[in-house]
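Peer 1: This is what each chain is made of:
Number of protein chains: 2
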Amino acid sequence: MNRGGLERLVDRLREDLIAVRPGAAGAPHDAVARVVLGAVAEPGDGVLGRMVESLGAAESAGWILSGRGATELVDALRQESAPSSRELTAGAARWRPRIDDAALARSLAQAARVGARLVLPGDPDWPVGFADLGPHAPLALWVRGRSSAVVASPSIALVGARAATGYGEHVAVEAAAGLVDRGVAIVSGGAYGIDGTAHRAALAAGGTTVAFLAGGVDRFYPAGHEALLGRIAATGAVASELPCGAAPTRWRFLQRNRLIAASAGATVVLEAGVRSGSLNTAGHAATLGRPLGAVPGPVTSPASAGCHRLLREFDALCVTDAAQMAELVRGHRPGPAGDDAPGSTHSSQRALEALTSHERRVLDALSVRRSRSVDELIRATGMASGPVLGALGALDATGLVARAADGWVRRRPE
Amino acid sequence: MNRGGLERLVDRLREDLIAVRPGAAGAPHDAVARVVLGAVAEPGDGVLGRMVESLGAAESAGWILSGRGATELVDALRQESAPSSRELTAGAARWRPRIDDAALARSLAQAARVGARLVLPGDPDWPVGFADLGPHAPLALWVRGRSSAVVASPSIALVGARAATGYGEHVAVEAAAGLVDRGVAIVSGGAYGIDGTAHRAALAAGGTTVAFLAGGVDRFYPAGHEALLGRIAATGAVASELPCGAAPTRWRFLQRNRLIAASAGATVVLEAGVRSGSLNTAGHAATLGRPLGAVPGPVTSPASAGCHRLLREFDALCVTDAAQMAELVRGHRPGPAGDDAPGSTHSSQRALEALTSHERRVLDALSVRRSRSVDELIRATGMASGPVLGALGALDATGLVARAADGWVRRRPE
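From first to last, the protein sequence lines are chains A and B. Per the working numbering, the first sequence starts with residue 495, numbered consecutively. Per the working numbering, the second sequence starts with residue 495, numbered consecutively.
Calculated from the structure, these hints are not laboratory results. Careful, some of the hints might be misleading.
A few chain B positions that, by computed beta-carbon distances, are all more than 10 Å from chain A [stated by the list, open to error]:
1) L549
2) G556
3) A586
4) D595
5) T729
6) T781
7) R806
8) A859
9) R897
10) R905
What follows is a list of derived Cβ distance ranges for each label pair [what the hints assert, rightly or not]:
11) B/R744 to A/D869: 47 to 55 Å
12) A/G700 to B/D858: 49 to 57 Å
13) A/D569 to B/G783: 56 to 64 Å
14) B/D809 to A/Q573: 39 to 47 Å
15) B/A596 to A/E821: 56 to 64 Å
16) A/A699 to B/D809: 32 to 40 Å
17) B/D569 to A/S861: 36 to 44 Å
18) B/A874 to A/S575: 15 to 23 Å
19) A/G700 to B/T794: 34 to 42 Å
Using N, Cα and C, we set each Cβ at its ideal position, and we do this for glycine too.
Model the full assembly from the supplied sequences, consistent with the hints where possible.
Peer 2: Here you go:
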């Protein structure tokens, strides 16, 4: 596609995006670029994510659409974390064959038809937790329903196997209803089995529930949950990073799971066999440093074996009722979305509230200007090296501290 | 009792003890003293334990029988850990009213009649793990059956509630039979419910099983388990620190639990409600640093709520089958007592067994010779900095790693 084609496409997208974004006029070009990028790349493409972090979405989309070589970007991408020339060339080979302006226009028309809205980083309804995904964060989110539901707080992801037993469904109903009673929003994947039962119980209890899909939000998947997903969108939200028209694939299911784990304050696996996809969501939650719970079941039931594995090998906390699940997000203040400025101040605030006394002492001993070594921290805090290292690890995971050349610094609230 | 009374008593005890001890001639006076002390003190009496640690059993028994005042011992008890004059006076007030030489003689006669043997510290059949109880270690052990069964290794305590469900009994049968298949001896408390089921399944599988009682071994308790305890004694052992004739009391049940936890290589709670006495055994195991496992069950079953509490609050490892239970004592070399000196090699081994997968990966990436930096560990393990630091903190706390000039090293086992 040549420059003229790109400009015409952008003009049309700009018009269409005005229809699908609430108050979108602010930054149409970024929005257009993110829509284009979302159409050509698979979810979680880290090379694209690092390019966007370095160049911005608009310049990244422009380069992809232009057909120019990687060498033209080398000067612009001098940061250590930026993709290499080789990565860009390989990326272009993935992305450029997918440029299809007719399909993109159809996707946007379809989004407008089903009333899907585009939510972008920096919007009040953009989950601050996505920032923890780094270069694997989504570029944009398509949402049907109430987009503020996506940032309802506190929230807990309730996930589990499609092949649920009566026991698992009982656990899911009790968990979702009990959490709704405690003001917690329920995030899940809209699938058969545990996911669907958790969504249904949340709706029945009058709560907010959010389903993340692995394909476009124009076509609800699975088909048997069309009515359920419609009810979820009626009071909560159905969301996806995939553009309308995109079909779910195995890869997209796995990547969808990272959005469930990153947007929720904690993840609880209610019932899962050892091969359940919900263990992938649990893995994302653990990697992101989110609290992870697992509900035990009879050791005679293979349907609970995945939960037991999480308890044994992944340090999941054993949770047996909604009160214990709610404790996983204790300290996360409920409140209307947008009350606090979104972004890292919000998440830093949350992180600060959840600090242990060890973490607080180590944080207080750090400066934003001068780095301190572990030895200096041991002397300054009067703590042993083990607790100091443990606290640094936790603070690092919440983004409150950063490693410097010869030690550690406190990160400035951004 | 005066000195003359004591001497006559000792003479008679000496004769009787020859009948009840295998090769007892070695140290009759110490044996006599321990029998006397066991008859006047309750199990786990720490003041008596510290007196015996300081003065020896013979002098301690002599002082109690003599009726002398605490001031006469003050010079002899100069060690910091020895009981104070006030503690001795209070102790004497507990112990001396119980001196009853006729009852003691009857107890020994009864022991001889039922074929009970006296096992003392230092005997090959004395569990080395009792040393971890410090001043609360038992003074002596009365054993019916094969006293070497008491030190069978590896061994695991399988305990649980009297009020067992069909699920719990199923778990107990599978656990005991599977552990016996793996050469593990089964230790328990001989009670109704989980304990009895575990003993029975161990016997049925042809394994070694040991029951610790809360009263004298002359009268099997509970009465309904007389036949079962007889079968246990026929191939394994029934043991108690209480003299023959002593009735079980609530205190003695709780103290009995410490012997189960201390003699076994690990403790597993198979099914227990929140008030089950087996949680007391689990508490002893945790205090002693023994591996502790708990079998989960349905969260809808109050009979499993104690197990879930152990998983949530006491860092018990989730174990779902005999293979996982056997892993709790992996590395504990079977062998007669005294083969290993207890101490740091033993405890490093234990620490190794308790590692998380993160800790294991970090430990494997470290060398005893060359130090590696945190950055190198991040690269070597493929883990993020937070988990690497967390694992280093935990490994540092257990003494498995040490900080070096420019990084970390694995510590040599001592």
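Peer 1: For each hint, tell me whether it holds in the structure or not.
Peer 2: Verification of the supplied hints:
1. Listed as a non-interface residue, B/L549 keeps its Cβ farther than 10 Å from every Cβ of chain A; the least gap is roughly 37 Å.
2. For B/G556, the shortest C-beta to C-beta distance to chain A comes to about 46 Å, beyond the 10 Å cut-off, and the non-interface label holds.
3. The beta carbon of B/A586 is kept farther than 10 Å from every beta carbon of chain A, the shortest such distance being approximately 43 Å.
4. For B/D595, the shortest C-beta to C-beta distance to chain A comes to about 53 Å, beyond the 10 Å cut-off, and the non-interface label holds.
5. Annotated as non-interface, B/T729 keeps its C-beta farther than 10 Å from every C-beta of chain A; the closest such distance is 28 Å.
6. Listed as outside the interface, B/T781 is consistent with that label: its C-beta sits roughly 21 Å from the nearest C-beta of chain A, beyond the 10 Å cut-off.
7. Against chain A, the non-interface label of B/R806 is violated: not every CB pair exceeds 10 Å, the least being about 5 Å.
8. No Cβ of chain A comes within 10 Å of the Cβ of B/A859; the nearest lies about 15 Å off, and the non-interface call holds.
9. Consistency note on B/R897: stated as away from chain A, yet its beta-carbon is not over 10 Å from all of that chain's, at 6 Å minimum.
10. Even its closest Cβ contact with chain A, about 13 Å, leaves B/R905 beyond 10 Å, as expected for a residue assigned away from the interface.
11. Taken as a hint, the range 47 to 55 Å holds for the pair B/R744 and A/D869, whose Cβ atoms sit roughly 52 Å apart.
12. The given range of 49 to 57 Å is respected by A/G700 and B/D858, whose C-beta atoms sit roughly 51 Å from each other.
13. A C-beta distance of roughly 60 Å is found between A/D569 and B/G783, which places it inside the suggested range of 56 to 64 Å.
14. Judged by the Cβ atoms, the range 39 to 47 Å given for B/D809 and A/Q573 holds: they are separated by roughly 42 Å.
15. One distance hint, 56 to 64 Å for the beta-carbon pair B/A596 and A/E821, holds here, with the actual separation near 59 Å.
16. Our hint of 32 to 40 Å for A/A699 and B/D809 holds, since their Cβ atoms are close to 33 Å apart.
17. In this structure the supplied range 36 to 44 Å is violated for B/D569 paired with A/S861, their Cβ-Cβ distance being about 58 Å.
18. Against the hinted window of 15 to 23 Å, the Cβ-Cβ separation of B/A874 and A/S575 comes to about 21 Å, which satisfies the hint.
19. Judged by the Cβ atoms, the range 34 to 42 Å given for A/G700 and B/T794 is violated: they are separated by roughly 24 Å.
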